[in-house]
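Participant: Modelling step: build the complete structure from the supplied sequences, incorporating the hints.
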Amino acid sequence: MSCLQTIQDYGLRSLGYGERLLPRGDITLCEQFTLIGSGMIWNVYFGALALMSGFFFAVALAVAKNSRPWITRKPAEWFIFIFRGSPLFIQFFLAYETFVLLPRVGIDINLGFAEITAETRWFARAWLGALIVLFLNTSAYAAEIFYGALRSVPKGDLEAADAYGLTGWTRFRRVVFPTTMRLAWPSYTNEAIFLFHATTLVYFSGFPAFQQKGDALYYAQYFADRTFNPFIPYPIVAGYFVILTLCIIMLFGMINARLNRHLPSETRSKLRYRPNLIR
Amino acid sequence: MFEFCEDPSALETARWFACYLTNGVHFRFYQSFLTVLLLLAITAPVALVFGFAGAMASRSHVAPLRWIGKTYTAMVRGVPDIAFFLFFVIALDQALEWLAHQAACPDWTDPIRQGANFIVCDAAKIPQSNAPQWVHEAYNFSIAVFTFAIVFGAFAANVLFGAMRAVPRAQLETGEAYGMTRRQTFWRILVPQMWIYALPGLSNLWMILIKATPLLFLLGVEDIVYWARELGGSRTSQYQYPHPDWRLWYFLGLLVFYLGMTRISEILLGRLTRRLSRGQATMAGEDQRKAVA
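Going line by line, the protein sequences match chains A and B. In terms of UniProt numbering, the first sequence opens at residue 1 and continues consecutively. In terms of UniProt numbering, the second sequence opens at residue 1 and continues consecutively.
These are calculated hints, taken from the structure and not from any lab test. All figures in this text were calculated on a predicted structure; none of them were measured in a lab. Mixed in with the good hints, there may be bad ones.
[As the list claims (entries may be wrong)] On the chain B side, residues computed to face chain A include the following (Cβ under 10 Å): (1) Cys5; (2) Leu218; (3) Glu266; (4) Ile267; (5) Leu268.
For each residue, glycine too, the CB sits at the ideal point set by N, CA and C.
Facilitator: In structure tokens:
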């Protein structure tokens, strides 16, 4: 079987298209590359969606933690403490057990052109349940980063805003928020990288992989178990993740350049990737 | 445990729970908390030693040694740690068996890798197939500890390498001016001063190590996650203590355990930072000096 044929069969296997049976017996290098690459779709899906939705919640949390009234500050502090203080692995388990206990009901949603039934059992599936956990988790970590940046907005910036007569929402949107982002961006880049790494935990925690539709590491472990040879599948995963990490750094570097475009080029803070550190 | 536990089905709620939570399997569950603490207690110093060796190698003037150090620290960049955990456990196991095979059966002619199989002679099986259960468990545990130490050692090497570079250059030059050798400046000037620079990174690492301990479950050790799943699953009336699916409550218990661990660590590390800042040429050290004066 040619490699092109393998790509056709297994390229979208993680989404449930193509060949149903996973390769067994003699496993070729091409099959390993294709199937693990196909699993990367899930890693990118989880990481990208959690990051994009978590960003807004994280900003809200950071502002809440920085606010004076007890009623907004305390919940934000507790939320951040609980999600940063406990292992993501346990959070996945806990969420799965909770979602399984939900009563099985369907809610009809009329979209105008079509009617779909939202079912509560979707929560126990990885695509929604794990996404929610990752969303909450990354929100907590990012909120702490944004909170730190919010605290270190230079006093001069706020005084300048006052001098211009900016108050409330306008002051936040025009002065505080852009400076916060500028300060927080390098750390936020690291958080994004860790989040993508954390997506590999999904199928190793409570969430089962239905019909062997798993992520990159799930397939890598499948191959390692089949061939008793860890020296091929795991380096492949590593290679895919190095590429993904480089893409993230490039994308965030572009945003960083855009955020700092008003500064002379020498004083711009370069993005420095401080590696390591999972949760 | 208690005398009234003879017939649990006849007990009222409080006593039922007193009996339920003190039965034999639950003691194994409580023991597994000690397993986690033991892992932390062994891994942290070993990883620190690995990290120190890695950082020293990265600073070395001998090129091959420097390459080894750099590769070791670069190894963890950009790759999920869990991939390393899964990889090292099999790789270490096979490496050990291969070495034992070379030593024990030199006249074995068949290839070790036959297609999808990894075959060594019986004498080289680690642990021996007729070994008692606890040997297997201890072997699994030590492989897990070693894997944790390698991975976290690489993280620690990164932190320590940065800390060594953060020590003000003037301090080292002073040492050289006093006629100390390179080795003397390293051990007498650099190492005592670098810890305060390494501490933020190391405490972060400690928190992450705590939060990585549930991964023991993936490495085949009977840890708290294993027992929480095992004990929480629903029990039919055939069992002595029938109950519905309680895994949610067990995992809530684990969550509280981990939150407590991180909270205690935060407090202790805060104290350690204050202690190490004493007499250092940093802002915190300066503040302490002023407060006393």
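Participant: If a hint holds in the structure, say so; if it does not, say that too.
Facilitator: How the hints compare with the structure:
no., hint, verdict
1, Cys5, "violated, 28 Å"
2, Leu218, "holds, 6 Å"
3, Glu266, "holds, 9 Å"
4, Ile267, "violated, 13 Å"
5, Leu268, "violated, 15 Å"
The structure shown violates the earlier hints numbered 1, 4, 5.
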